[in-house]
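Protein chains: 4
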Amino acid sequence: MNDGCVAGLHLDAGTRAQARRRLLSIKGHVEGILRMLEDDSLYCVDALKQIKAVQGALDKVGGLVLRSHLRDHVVTAADRGDTDQIVAELMEVLKYR
Amino acid sequence: MNDGCVAGLHLDAGTRAQARRRLLSIKGHVEGILRMLEDDSLYCVDALKQIKAVQGALDKVGGLVLRSHLRDHVVTAADRGDTDQIVAELMEVLKYR
Amino acid sequence: MNDGCVAGLHLDAGTRAQARRRLLSIKGHVEGILRMLEDDSLYCVDALKQIKAVQGALDKVGGLVLRSHLRDHVVTAADRGDTDQIVAELMEVLKYR
Amino acid sequence: MNDGCVAGLHLDAGTRAQARRRLLSIKGHVEGILRMLEDDSLYCVDALKQIKAVQGALDKVGGLVLRSHLRDHVVTAADRGDTDQIVAELMEVLKYR
Chain A
1 MNDGCVAGLH LDAGTRAQAR RRLLSIKGHV EGILRMLEDD SLYCVDALKQ
51 IKAVQGALDK VGGLVLRSHL RDHVVTAADR GDTDQIVAEL MEVLKYR
Chain B
1 MNDGCVAGLH LDAGTRAQAR RRLLSIKGHV EGILRMLEDD SLYCVDALKQ
51 IKAVQGALDK VGGLVLRSHL RDHVVTAADR GDTDQIVAEL MEVLKYR
Chain C
1 MNDGCVAGLH LDAGTRAQAR RRLLSIKGHV EGILRMLEDD SLYCVDALKQ
51 IKAVQGALDK VGGLVLRSHL RDHVVTAADR GDTDQIVAEL MEVLKYR
Chain D
1 MNDGCVAGLH LDAGTRAQAR RRLLSIKGHV EGILRMLEDD SLYCVDALKQ
51 IKAVQGALDK VGGLVLRSHL RDHVVTAADR GDTDQIVAEL MEVLKYR
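Protein chains in written order, with my numbering: chain A, 1 to 97; chain B, 1 to 97; chain C, 1 to 97; chain D, 1 to 97.
Chain A extracted, bound-state conformation:
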């Protein structure tokens, strides 16, 4: 997991706890979709709606972590002298979608 990681920068405990709570709920949501998918009368669009809802919830967890990263690590990159790496990895992770 440590590839390309800027040494010594960690996700703060509060954000980790919040992200964990949300991901536990997301895991429950995925389990709910797994149960829906056992039902042979399931309508496609109902499955699609649930998948989109999980993606929306993941967007929110991602937003939490991103905000914490910006606030704790990105705005101080010039001070640490690792601007190039911080910017490159941020552009990379924002690229998806």
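By construction, these hints were calculated from the structure, which means they are not laboratory data.
Straight-line C-alpha distance at most 20 Å; calculated PhoX-like pairs for lysine-lysine: (1) Lys49/C <-> Lys27/D; (2) Lys95/D <-> Lys60/A; (3) Lys52/A <-> Lys95/D; (4) Lys60/B <-> Lys49/B; (5) Lys60/A <-> Lys27/B.
Model, not experiment: these values are computed from the prediction.
Based on these hints, arrange chains B, C and D on the given structure of chain A.
The following block gives chains B, C and D in isolation, referenced to the frame of chain A:
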């Protein structure tokens, strides 16, 4: 779950099985992120990368279900006479993002 | 432009006119951003906001055309017997983002 | 345009020039779609493909401006003491989609 559902249209068994397999793997991935989040040396960008990976995997499940819905239900809507409902709910579910 | 095109299916005149009106406004918006970019006191985030606004406007044009395509061509694919091609090209065009 | 703007931060001349070049090409692309839309034999999916292509090109301009903003303004926010504003406006502008 049946709100707005077009009566009698079901997700086919093969697609349900494939979607289940992928969602089981996604559930495992979410559990992996939950474990990562227990580690106080976790780097934000590593968490973000894993969240994006799960979203990519969910996109693929959504694509499977969408393709099945198009092929089995949307292209036959004119025959059944439920074009307006089929189009409205599809536009709705494609809107997210 | 006709590569992969299903023969004889055309975008209806009303949707073409609506899409044209919206695209003329989008063109004006792009010209506005071009003028903004001549100003050496331009703030990055103001440029980003305008770019996002144009993307939102393009999403709406795309939605217009997609709805028309679904209603006029996709729901009748089973009747015409070109389901495979209609589904494949629709999945392709929905894939971006 | 200046609402919410962090005083004294400007998009650098090189990025402005690059963004202008790309936006001129995007304007030409939009004009091309406007001409396509005059053709009553236009196929919906061909219009959708062109709209997606313009959105992809806009994504690239947005990426240019974002990278410049991160490198020149965000990584120095702690030094300037405007972290809260920089992070808030960045989260806002990344939210679309």
